[in-house]
Each structure stands twice: as structure tokens, then as C-alpha cells.
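Please model the complete structure; the sequences and the hints are all you need to start from.
Protein sequences, first through last, are from chains A and B. When you line the first sequence up against the numbering used here, it's residues 1 to 646, in that order. When you line the second sequence up against the numbering used here, it's residues 1001 to 1215, in that order.
Treat the hints as calculated values from the structure; they're not laboratory data. Among the hints, a few may not be true.
Result set (DSSO-like, lysine-lysine): computed pairs, CA atoms no more than 30 Å apart in a straight line [unchecked claim]:
hint: 1; chain 1: A; residue 1: K371; chain 2: B; residue 2: K1150
hint: 2; chain 1: A; residue 1: K195; chain 2: A; residue 2: K169
hint: 3; chain 1: B; residue 1: K1002; chain 2: A; residue 2: K355
hint: 4; chain 1: A; residue 1: K571; chain 2: B; residue 2: K1200
hint: 5; chain 1: A; residue 1: K242; chain 2: A; residue 2: K335
hint: 6; chain 1: B; residue 1: K1004; chain 2: A; residue 2: K355
hint: 7; chain 1: A; residue 1: K632; chain 2: A; residue 2: K526
hint: 8; chain 1: A; residue 1: K362; chain 2: B; residue 2: K1004
hint: 9; chain 1: A; residue 1: K362; chain 2: A; residue 2: K321
hint: 10; chain 1: B; residue 1: K1063; chain 2: B; residue 2: K1104
hint: 11; chain 1: A; residue 1: K13; chain 2: B; residue 2: K1131
hint: 12; chain 1: A; residue 1: K2; chain 2: B; residue 2: K1200
hint: 13; chain 1: B; residue 1: K1150; chain 2: A; residue 2: K13
hint: 14; chain 1: B; residue 1: K1067; chain 2: A; residue 2: K350
hint: 15; chain 1: A; residue 1: K396; chain 2: A; residue 2: K530
hint: 16; chain 1: A; residue 1: K242; chain 2: B; residue 2: K1067
hint: 17; chain 1: B; residue 1: K1189; chain 2: B; residue 2: K1063
hint: 18; chain 1: A; residue 1: K242; chain 2: A; residue 2: K313
hint: 19; chain 1: B; residue 1: K1137; chain 2: A; residue 2: K371
hint: 20; chain 1: A; residue 1: K501; chain 2: A; residue 2: K547
hint: 21; chain 1: A; residue 1: K371; chain 2: A; residue 2: K249
hint: 22; chain 1: A; residue 1: K2; chain 2: B; residue 2: K1189
hint: 23; chain 1: A; residue 1: K362; chain 2: B; residue 2: K1137
hint: 24; chain 1: A; residue 1: K13; chain 2: B; residue 2: K1067
hint: 25; chain 1: B; residue 1: K1002; chain 2: A; residue 2: K354
hint: 26; chain 1: A; residue 1: K249; chain 2: B; residue 2: K1067
hint: 27; chain 1: A; residue 1: K355; chain 2: B; residue 2: K1064
hint: 28; chain 1: A; residue 1: K242; chain 2: A; residue 2: K350
hint: 29; chain 1: A; residue 1: K547; chain 2: A; residue 2: K526
All values reported here derive from a predicted model rather than from experimental measurement.
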Amino acid sequence: MKSDSRFIDETGKVLMLGNEALVRGCLEAGVSYVSQYPGTPTSDIGEYFHQVLTENPDLKDYLVHQWAVNEAVATSSCAGAAWTGVRTFNPMKHVGLNVASDALSVIALNGPNPGAMVIGVGSDPGSLGSHQEQNERFYAWMLHLPTIEPHTPQECKDWVKLAFDLSEKYDLVINLRTSTRNAHSRGFVELEPLKKGKEKGEFIRNIPKFNSLPPHAINNHVRLYERIERLREAIPDLGLNKIYPGNNKIGIITSGVPFGYTMEALHQLELYNVPILKLGMIYPLNYQEITNFIQDLEKIIIIEELEPFLEIKISEIAQIKKLNVEIIGSKYFPKFNEFSTGLVATTLAKIFHKKPNEQMIKAIDYFNSYKEMIPSRFPTFCAGCPERATLYSILKATNQLENTVVCGDIGCYVMSFFPPQQCSDLIICMSGGLSAAIGMSTKTDQKVLAMIGDSTFFHTGLSPLAEAIGYDSNILLIIFDNEWTAMTGHQNDVLRYLINKDFSIEKVCRALGVPWLRVEDSYNPKKLTKSIEEALNAKGLKVIIIKRECGLQAHRYRMQQIRSIESQGEKAQEELFHITGCQMCHECSRILSCPAIRRVEIDGYETMQIDDDRCIRCGVCYQICPNGAIHKSTLNLLGEEVPFRH
Amino acid sequence: MKVKETDIVNIVIAGTAGQGVITLKRLIEFAAQKSGVERVFGSEMHGLAQREGAITSHTRYQKKIFKDERRNLQSPLICYGDADIFICLEPVEALRRGIFASQKTTFVLNEHDIPGVMITADLEAYPPLDKIVEILKEYSNDIHTINATKICLNNFNSNLMVNIFMLGYAIPTGKLPFINVEHYEEVIKEWLRDPDINIKALHLGIEEGNKVNYI
Ligand SMILES: Cc1ncc(C[n+]2csc(CCOP(=O)(O)OP(=O)(O)O)c2C)c(N)n1
Ligand code: SF4
Ligand code: SF4
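Next up, the structure:
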């Protein structure tokens, strides 16, 4: 394997994902500080920075990358660094912007100068990797965040660079907004030389600028308008917006990935004369530039995902300029879910009175005719996951959730609501489960149970825990202390640094004064079930910490150990689990539901079988099988034992 | 039909998490770069979808681009019905993403099934392979199935090369134009762990693919 030089080569043409191109663009722009909390589709941005810094330690002289505990912390950290005069980058997922918005509202007002600050919001139309769908573009209006939307990886790279220049020049926080689609699409990128970032800056006292309280708050607001207006004037010269001319009286305005769908849809419909304005900057808009494009047209179609954003602004411009042009978009296009070439093509076919492509219509119709019979395959916990094993104990202790409400939360355990376990009744946002439980427990006699993971605990979970302790809320809180931010891909984040510094959630709970506290292991399901039963029978706040490493990481680590033992010519001891005499009671498949267990037919009889390749040897199924049909045997009895970590 | 250099090549790869869908996509894209194509643009999924879930990727390239951007590859997603080749690493995943197929599509399909947890729990039914093939035939008759998992287990004692084997099996269809076997080999050497075994898997796949009589 060769090392990946795409991030540091001085010239060339390389293949990059949108997110990789953003990182490359930052390195070409001389970025000095990056902070973020992970979240799809932006988590891998931090991983690339981490990779670059590990492979090229000399970059550490001027570049710092940090994983923050949450988005608000990351955003303010970036502002702090920018105010010493350096360039800072702050990626986040769309809902991360909700968390960051309080901080950002002030930072945008004050302005990032003397440095520069670019946020990289990864939107997620279609909720491809999120717990909700929202159009966070509207923050651009509310906070005056100039927003740039690239289409290709090349644009991701070039425009993030430009964003730093604009941020510095106009004292504005710029948003480089991608979507799950282009963040994770690969294309060619022409490289330009890297630029060294500033090693050090200096904070220079400027009380009016950095203290947006009266009287400075209003002055900074006035100044913000001035800065935005200066940028608005400059837009036509930035090279971000582009016109594809045509003589049709109906024109299109679009941006980002929907531009790609639009171009291919028009190609499919053989509509080559439709004028298109591709916006690179969607906020602010230059009124004259928009007017020039729309004034001679009869109709403008705005093609944008989610709630109408451009449609409203462009209608406003048409009204101010008294233009007689019809502006349509959300009347024809859905205000939810992501778009596709097919969707844009069928909608444009209606508007232009064209026949949609037959091959496509046939594919859609035929697919719809059989799709009901496709078996589901939703994401589910890995084989041997300690969170899944915990759900087993919850289901057993509550007699399948009888008179019990489970307030779920966001981490791998977000998947708890899926069948067959269906062990989560609601999900709000990170730490929203515990918060909901506080209110709910005052109003119901049902047993209220809440779940939270360790990363979420630090993100925003400490505060509701303090409140629950304060009021002694009648809740059982289960904390998954799996030592990783697992759901987003096990980043080497601040949680890991804390763990290496011997921190423990148990100590935090004790210091805060949790009245009923136990530390359990979900790989010991009978004991855990008993503890949950006891907790649910006790009054007030109860906390059970599930201390067990993420199964996937633990398994990777074990396999590494085994490989290294074997590479020295030694043998490793192996436990194997196998099933004989299965009564098909479905305890392991419906209540535990480990994906390493499969239902097969042997000699005409149905039985469960354990897939050795997927089984991580957690031993939970072995302990819970009511028929004693799951057996354990040890291979290489004299070989070296390789237990899980701890 | 002869492929023109300006044609857009559309490849759908579907499978389940852990089968190497994304690795395969990346491999084809980097090999396409080595073969000198002018544009590549394709989407893959990262994040939430990766725990036992269904995975699809869209790989697209265009050897020569038109001056007129309106005729070029612009979207990272393939349009419904527009797949030239559909590489399915797991049978029901072909049904799940069937919407990208039409009569122009060639299917190459690994026969080995990976039932999800709802099948194991006997709360849903997994359709038999011949039923799956029968449904897919309504899209296109050009379907070639092989038990890649079994072949890989027999030959390499591992199913980790199923993705590369299936790429090899797809090559003789001619639906991955302009990219030579050497390009794939180079990329495998540069980017994959265990390149020797993977190159063997590639050639084993090609060998099996060559046994099919493509018209
Ligand atoms: C505001 C916000 N930021 C980021 C995310 C993305 N996200 C989803 S789950 C998760 C990590 C959860 O980690 P942890 O609580 O430790 O649970 P685990 O996945 O380890 O079980 C993150 C960062 C989100 N959903 N919302
Ligand atoms: S990544 Fe870890 S915590 Fe998440 S489902 Fe897999 S084993 Fe469980
Ligand atoms: S021991 Fe049982 S429960 Fe644990 S991973 Fe293996 S099959 Fe799954």
C-alpha cells in the first residue's frame, strides 16, 4: 500500500470526495485551526485532517485539529482562534448548526477579523444519516451567514479557499454548505500549492468589537449590515455564479447538487435551450445580477431541495424591481426528501409539456409493483454489541416494556426502535431523551427509562443529569460507557483523551451525587436484568452505567492480538459458540437478535446457527438460551488466552 | 451496441455493509483515472448506513467530455433505469435497487444470501433465488449469477475478496469500457491490503466471466 499523498502533493490532478477536497482547500488556504464535533456527513473531514497530521507531522507546526465536545464549543473555539488573527475552519452537520447557533449568532455579529472563519455545514436532504430533516439554509438569513454551495469536489476545494479570502476581507463568517450527496461524491480536483498557516497570532483588545452588549450590540449589528452589503456588491466579480445561456422564455435558477440533476434532466428531455443561472453563493444575492437574468423571461423555475429559500428571495427581488415574471418551484417540487435526476426530469416534463423518458418511467413503475416484497435491511447493532445486549435485559426486566416508556437518544442506540427489539419510544436530539424523561416522570405513573451514550453525555448530557439529580426525578438512566463515539465511526476524539487520562463516568456521577448508582456489564445479562428490575422498583433517580467497550472496536483489537500471536508462530486460544438441539424458541433471534445468528435448514429441520466469521465471542446468547442449546468449546486449549480489553 | 468515448458509463454496486461496496467503487474510479478518463463523478454512503444496513454506490465516468456541458456527466447519482451494469454482492440488494435497471442493464449477481435480522426472527420472508432472478428478468434478460462467496471460500478460505471477484466476473461483460485489467491491478497494488490475493481473486473472476457467452 502506498501512502496517500493527495493532500500534500504540490500539483497534479487527483480523485477526491467532496469532503477530502474541502480539507485540501483548507490546506491550500493556510488554515491554522480546525475544531468540530463529528456528525454525518462531516465526520470524515476531521478524520482526513487527523490522517494528514499523522502522516505529515511537520504540519503540526502551524495546524491544530481538535475534536470538540459539542458544536457550540467547536464554534466558539474557532472564533477564539480566529480572533488571534489566524484562519479557522469549523465543520458540522446540519443539526450541529442548531447547537452552534447561539454562539454563532454573536460571532457573526462581531465578525471573525483579524482572522477568518469558515463553517462547513453538511446538510442532509433525505435524512440519509440523521435523526431528522431540516432546511438549515434559513440560518443564513437570520445570522447573516454568506453561504456558498459547491456542486463538485473541484468547487469544494476552490470555493473553501475563496471563502477564507472573503471572510478575511469582509469580516464575515462564511458558510461552505455541502450536502450528504456531494460531501461523499468523488471527482477530479486540480491541485494548487499548499500554503503554510500562521503558527501564532495575538489577541488585540477591542472592547466594542468583541463585547456585543449594549451599546456595542447595535453598533455591531449596523456594522454587520455594512459588511454584508459590501459583499453583496462584489458578488458578480467572484466567479461563483454562472449563466448557461439559452433562448427559451422559461429559465431555471438552481445551485449545488440539484444543478447536476437539472442538467442531466434537461439533457434527457432534450431541452438544450433553457437558460440556467447556477448560483454558487445563495446568500446574499446581488439584486442586479438576478434581475439581469430574469427580466426578459416569462417564467423562472427554482430548483432547490427542502423548503423554498431561493424562491422567496428571488420573488422578493422580482417584486422590488417590478418585474413581470412568474416564479415557481415549491408548487411543483416537494419540500422534503432529496431530489434526483428522475424527480427533476418528471417535474420538468410536466412544466415543459414533454413526455418523460420511457426507460425511466418503466423502471419506476416496475419497481413500485414489487417493492413491498423486498425484505427489510435496516441498520442494526453489530454482532456482540453491548448496547443490544442491554436492550435484551431491559426487555426481560420490564416484561417486554410493560407499563414502561423508553426515552431513546442519539448514538448507536438510536437503532433501538427498529424491530424486532423495538426498545425505544421516542427520540428528540442529543441528550433529549433524558431531558424528556425529567418532564415525563412528573406526569405519569409509568416507569420512565432513559438512555444516553458517553459521547452524548459530554455533548449535552451533563446538564440534564444535574437537573435530574436536583429534582430526584423518578427515572432510570442507562449510560452506555462504551468508550467510543461509535455511531459516527470511532473518531480519536476528546472522549479518548479523557479515557487515557483515567477519567470515569462513575466518578462524575458520584461527584454530582447520583443517589442510586450501579456499574454493570451487559455481557452478564442475568445480573444486569436483576439490577434493572431493582432500579425500576426503587423511587427517585437511578443510574446504571453499562461498562463495556463497543463490540466492534473490542473485536478489532482482539483480532489484532490474535494475528500478532499467530504471526509469531504461536497459537491463540479461541472460544467457539455453536448450537445443537435448538427448539426454535426465538429468544436469541427476537429478543437478543444478534446478527451473527442465522436461521437455517439442516436435513429438513429448522435450527439456529452461529456464523463463526461474524460472532465476536461475547457469550451473551450462550448465557440466555433457555434450552441450553448454545454450547461453548475452546479451541487450542494450550494456546495464549486473548480476552477482551480490561 | 458500441460504446462511444463520450458516453456516460453508469455502474450500480449494491450489497450489505461489510461486503466492500465502497472499496469496489473506489477501485473502479481510481482505475478509470489511470485509463485516462476525463470525468468521474459518483456517490457513496458513509456514516449511519454502515451497520449491517443496505449499501449502494453509484460509479460514473465519461472518457471524453463534450464542450457543451449540457451533455456531460453532471450528477453523482444515476437516473432510474439508466444503469449499464449492476454488480450485486447480495441477491435481495439487487431487488432493493432494481429501480436503476432497464433492458440495457447487465446484472452480475452473487448468489450467496445474507439474511437480515428480521429473516432470522422469522418475521419476514427471504425470497428464493429463482424468484429474485425472475423479478429481475422483467428489467433485463442479461443476468449472470454465480456463487462468488463459495468460490472465494474454497479458493482463499475467506469471503473478503467477493467484491473484487465480482468485479473480475463483470469485466468480460464489456460494460466497464476503456479500463484495462492492468489499471485495476495497479490500483489494487497501491490501495489494498493483501494485493496478491486480491489480484488472484480478480483473475479468478475474469476466468469465470469468460465462461459466460456474451453476445
Ligand atoms: C447535534 C448533533 N451533533 C452530532 C450528531 C451526530 N451523532 C449522532 S450519534 C453521535 C455520537 C454518539 O456517541 P455516543 O453517545 O457515545 O454513542 P455510541 O454511538 O458510542 O453508542 C453523533 C456525534 C447529532 N446527531 N446531533
Ligand atoms: S459500533 Fe459498537 S456500539 Fe455501535 S453497534 Fe457496533 S458494537 Fe455497538
Ligand atoms: S456469542 Fe452469541 S451473541 Fe455474542 S456475538 Fe457470538 S453469536 Fe452473537
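Hints, verified against the model:
1. Of the supplied pair hints, the one linking K371/A and K1150/B holds, its CA atoms being roughly 28 Å apart against a limit of 30 Å.
2. For the hint pairing K195/A with K169/A, the CA-to-CA distance comes to about 18 Å; that is within 30 Å, so the pair holds.
3. A distance of roughly 27 Å separates the Cα atoms of K1002/B and K355/A; the hinted pair therefore holds under the 30 Å criterion.
4. Between K571/A and K1200/B the CA atoms are separated by roughly 28 Å; this keeps the pair inside 30 Å, and the hint holds.
5. Among the hinted pairs, K242/A with K335/A is consistent with the structure: their alpha-carbon atoms are about 25 Å apart, no more than 30 Å.
6. Of the supplied pair hints, the one linking K1004/B and K355/A holds, its CA atoms being roughly 26 Å apart against a limit of 30 Å.
7. Restraint check for K632/A and K526/A: the C-alpha separation of about 18 Å stays at or below 30 Å, so the hint holds.
8. A threshold of 30 Å between alpha carbons decides the hint, and for K362/A with K1004/B the separation of about 25 Å falls inside it, so the pair holds.
9. Taking the CA atoms of K362/A and K321/A, the gap is about 44 Å. The hint is violated against a cut of 30 Å.
10. In summary, the hint linking K1063/B to K1104/B is supported, as the alpha carbons are separated by about 19 Å, within the 30 Å threshold.
11. Taking the CA atoms of K13/A and K1131/B, the gap is about 46 Å. The hint is violated against a cut of 30 Å.
12. For the given pair, K2/A sits about 20 Å from K1200/B by alpha-carbon distance, which is consistent with the 30 Å threshold.
13. Of the pairs offered as hints, the one joining K1150/B and K13/A is violated, with about 40 Å between alpha carbons and a cut-off of 30 Å exceeded.
14. A C-alpha spacing of about 29 Å is found between K1067/B and K350/A, which places the hinted pair at or below 30 Å, so the restraint holds.
15. With a CA separation close to 9 Å, the supplied pair K396/A and K530/A stays within the 30 Å bound.
16. Proximity of K242/A to K1067/B is assessed by CA-CA distance (about 16 Å); at most 30 Å being required, the pair is judged to hold.
17. For the proposed pair K1189/B and K1063/B, the alpha carbon gap of about 23 Å is at most 30 Å, so the pair holds.
18. In summary, the hint linking K242/A to K313/A is supported, as the alpha carbons are separated by about 18 Å, within the 30 Å threshold.
19. A threshold of 30 Å between alpha carbons decides the hint, and for K1137/B with K371/A the separation of about 15 Å falls inside it, so the pair holds.
20. Only pairs whose Cα atoms come within 30 Å are accepted, and K501/A paired with K547/A is accepted, the gap being roughly 17 Å.
21. With a CA separation close to 40 Å, the supplied pair K371/A and K249/A exceeds the 30 Å bound.
22. Note on K2/A and K1189/B: the hinted pairing holds, with a Cα-Cα distance of about 8 Å set against a maximum of 30 Å.
23. The hinted pair formed by K362/A and K1137/B meets the criterion: a straight-line CA distance of about 14 Å does not exceed 30 Å.
24. Distance restraint check for K13/A and K1067/B: the Cα-Cα separation of roughly 20 Å lies within the 30 Å cut-off, and the hinted pair is therefore satisfied.
25. Only pairs whose Cα atoms come within 30 Å are accepted, and K1002/B paired with K354/A is accepted, the gap being roughly 29 Å.
26. Only pairs whose Cα atoms come within 30 Å are accepted, and K249/A paired with K1067/B is accepted, the gap being roughly 24 Å.
27. Distance check on the hinted pair: K355/A and K1064/B sit about 29 Å apart at the alpha-carbon level, within 30 Å; holds.
28. As the CA atoms of K242/A and K350/A are separated by approximately 26 Å, the hinted pair is consistent with the 30 Å bound.
29. Proposed proximity of K547/A and K526/A is supported: the alpha carbons are some 15 Å apart, at most 30 Å.
When held up to the earlier numbered hints, the structure conflicts with 9, 11, 13 and 21 and fits the remainder.
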